[in-house]
Amino acid sequence: MSIQTVKTPITLDKIAPRGRIGLISLATDFNIEQDLRRMLPEGFEIFTNRIKFANPTTIENLKSMESDISRTAAGILPGLGVDAVLYACTSGTAAIGEDKVSQLVNIALPNIPVSNPFTAACQAFEAKGIKKISVLTPYIQEINKVIKEQFEARGFEILNIAGFGLQDDSKMTRISPQSIYQAAIDICHPQAQALFISCTALRASLVIEKIEQQLGKLTLTSNQVSLWHLLKLLKSSTHPKITGFGQLLEQLSAN
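Residue numbers (the working numbering): 1 to 255.
Where hints are given, some of them may not hold.
What the hints assert, rightly or not - In the EDC-like style, the derived pairs of lysine to aspartate or glutamate whose C-alpha atoms are separated by at most 20 Å in a straight line are:
1. K235 x E250
2. K148 x D186
3. K132 x E212
4. K217 x D186
5. K7 x E33
6. K232 x E149
7. K235 x D68
8. K128 x D83
9. K235 x E149
10. K148 x D99
11. K14 x E45
12. K132 x D68
13. K241 x E45
14. K210 x E250
15. K63 x E149
16. K63 x D168
17. K132 x D99
18. K100 x E45
19. K131 x E157
20. K132 x D168
21. K241 x E209
22. K100 x E152
23. K52 x E42
24. K131 x E142
25. K232 x D68
26. K128 x E209
27. K52 x E98
28. K235 x D83
29. K63 x D99
Because the hints were derived from the structure by calculation, they are not lab data.
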């Protein structure tokens, strides 16, 4: 038996030629990657590193992630780099602060654009002229209070916010899409211009269109708005139309 070196010429493909997206995902979130990949146009790829997070989901535990953001960002494709980064926690961003999250990511990855679901939602509201909003979450009341306050600080009117009252991140993913759909219909305020479904762990992408059709209102979710914002940061609108995940993404895509 001989040990040989292959002499056949090789071609090295460019992985993710349209854009590499770095994902900082909670260690307890087993939905975000699958959800984003359902919606992601061809040519983009997600590359993940997980941030330490211990249940229960409380304001204190959400804030504790601040100390691990830079380390986690540095571990995404070290030496190769990414084109944009998503810090994938809506409530964590509200607890830590949008600017602080971006600063901590950029310590590890200077000059890389950073998104998060909270900022992405605000950008989407502004782009669509939305001021009056209903919010559905899986969270307990103390977290909903912070979410409401942070949106109101950005100039939006939160007509109502309702949560499933869960503290276990893994249980949030296990909420059935049908339960999300029914809760959305039940809690959306008649005067709301849009419904926002908060939390990257929720499988809300599977029922966005069904909710929009029933309510006749724009429906936004944490993962949907995050992808929308990332594609805008990457200056990408020239891709096949993204269908099946609500008006926001469909209208972003080229016809």
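- If any of the earlier hints don't hold here, list their numbers in rising order. 5, 6, 7, 8, 9, 12, 17, 18, 20, 23, 24 and 25
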